[in-house]
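**Student:** In the order they appear, the protein sequences are chains A and B.
Going by this note's numbering, the first sequence opens with residue 35, and the numbers climb by one from there.
Going by this note's numbering, the second sequence opens with residue 5, and the numbers climb by one from there.
Rather than coming from a laboratory, the hints here were simulated on the basis of the structure.
In this text, a Cβ means the ideal position worked out from N, Cα and C, and glycines have one as well.
There may be inaccurate statements among the hints.
[Unchecked claim] Mimicking SDA-like on lysine to any residue, the simulated pairs with C-alpha atoms at most 25 Å apart in a straight line are:
1. Lys-157/B - Gly-121/A
2. Lys-157/B - Leu-50/A
3. Lys-157/B - Pro-47/A
4. Lys-157/B - Gln-255/B
5. Lys-157/B - Tyr-43/A
6. Lys-213/B - Ala-287/B
7. Lys-114/B - His-101/B
8. Lys-64/A - Gly-108/B
9. Lys-126/A - Arg-242/B
10. Lys-126/A - Pro-455/B
[Stated by the list, open to error] If you want the footprint, here are the derived chain B segments under chain A, 3+ residues with CB under 8 Å:
11. 128-139
12. 152-161
13. 259-271
14. 306-319
15. 341-354
16. 436-450
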Amino acid sequence: MKTASPFEYLAQPTNLVAVRFDGQTYQLPKGENLAAALLAAGVRSTRENPGSNAPRAAFCMMGACYECRVRIDGASVQACMIQVRDGLVVEKMQPIGGQSYER
Amino acid sequence: MSANDRRDFDLAIIGAGPAGMAAAAQAASAGLSVLLLDEQARLGGQIYRDIERTSEQRGRILGKDYLAGRALVDDLVKSSITYVPQASVWQADQDGHLCYTVEGLATQTKAHRVLLATGALERPVPIPGWTLPGVMMAGAGQILLKQSGLVAKRAVIAGSGPLIYLIAAQMVRAGNPPLALIETQTAADFWQAQHHLAGALRGWRYLIKGLGLIGELRRAGVKRYRGASDLQAEGQERAEALRFSHRGKQQWLACETIFLHMGVVPNTQLSRAMNLDHYWSAAQHCFHPKTDGWGRSSAAAIFIAGDGAGIAGAKGAELAGRIAALRIAADLGRLDEATMAQSATPLHRELARERAARPFLDRAYPASSQVLAPDDATMVCRCEEVSAGDIRRYAAMGCDGPNQAKAFGRAGMGPCQGRYCGLTVSMLLASVNQRSLDETGYFRIRPPIKPLTLGEIAQLDDPDAGAKEVMDLG
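With the rest of the complex left out, here is chain A (with noise of 0.2 Å):
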């Protein structure tokens, strides 16, 4: 869901690009970290943890905890260690089939 950003840019960014980022457009800085980016944009939560369904968003920003992961060409990667290009197309991380696992 996009909101008003709880973070500003110092100056703000040039050379803006279109990045889908779970159904939705957005303008994002090319070569700009996309967790950061992301965050920057007003996008809360990044993905629903497995159990609980629960919200979650970058955590650490180094590539450490794995909770700002999202899903890109199929692939499960850390939105923290991707930069921003041209037309990426990002989805959002949902447990398997909408549904929590079994525990």
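Please arrange chain B on chain A, whose structure you already have, making use of the hints.
**Tutor:** What follows is chain B alone, placed relative to chain A:
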């Protein structure tokens, strides 16, 4: 080593922060062939993240200790080394064999010596609500500023440690001061730290810097709640407030972002996966890999330098990197022992000075009891949603170690592979079972230490060299 023991490099360094960059430059100047692998797109590690392309405005906000990283980068780019950015190392062994992936392409290589310079992770801060979107590690907030020029608008910073003051001051300079600092260290912690005052005075530069930052926060009117406890992040779909106790009263602060910090701990993921020896540091409440004064680990060909070997900060990491590189050059016959010792003496002396303030800081800014022994209801393993109460229950059922805890309830088996629950799980089990942390141990970390596709394994170019080991990844 035998004559037909073909190696691609004299030295492979994993991590391009201060330790890795300094070691690479030092080793290259001794004539070693050096491979420098780093997960990020640009040099610097987390402490000097994006130092190469920081703007003047960002440099002013981040301060001169950050800008000091430029000298390391300048030194390194003059050196003749092989630097591979965006390289994720997913396997390494004690014989110097490495596997890594760059943008979906897997490669393997072999070096005579390997230096792990993988730095630190922030200590996990398990409090109720810490999985809510909008709750982040404070270091993550700083990375957003360094790398993207992003600053949080309505944020609180909670926890303890000198880094909190730096991040808060940087936010002040960026025009978005934190709403408040909620600090868990107490006056008693401060008085007990006075036992280490002599050391602190030897490391006086850090004290002056800290006092300067605190003065900056006071002038900016940033409210500080010292001796706070019972932190709790609240919100439905995202963080909306931080609740805590302060001087016997319940406090509630509305905010959009909660930055948590309880100090940093060595990132031992790779040293664990390589089966190197580790021990529990009671003073720092974390495991350290065993290393000698040169950074040599329990395996002769593997060295560890920087915060990954024990927290000493950026300058300490740089010195440790140079020291390890000298020893490695001597190991490989590129430097005689006398020259090595002579070059290393001033570095060792400076490193001792860098470490001098550490016992004072550890004691003055301890991790709070709330995060060392969380309440039963608090989620400990974020990936698999296992609570502290679950871990205590496993212990009561006879679970005596973290690896058994995996079988009981999957703690540590999610994508982060225990990076943000491992210490907590070990401490909880040790406490219930009344065993030492060394007896209790840590999760067995197995390669691949980063998620890997079958396609990446299939691409490995030299089947004879790597196939067997790769097949054993389990």
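**Student:** Determine which of the earlier numbered hints do not hold for this structure and return their numbers in increasing order.
**Tutor:** 1, 14, 15 and 16
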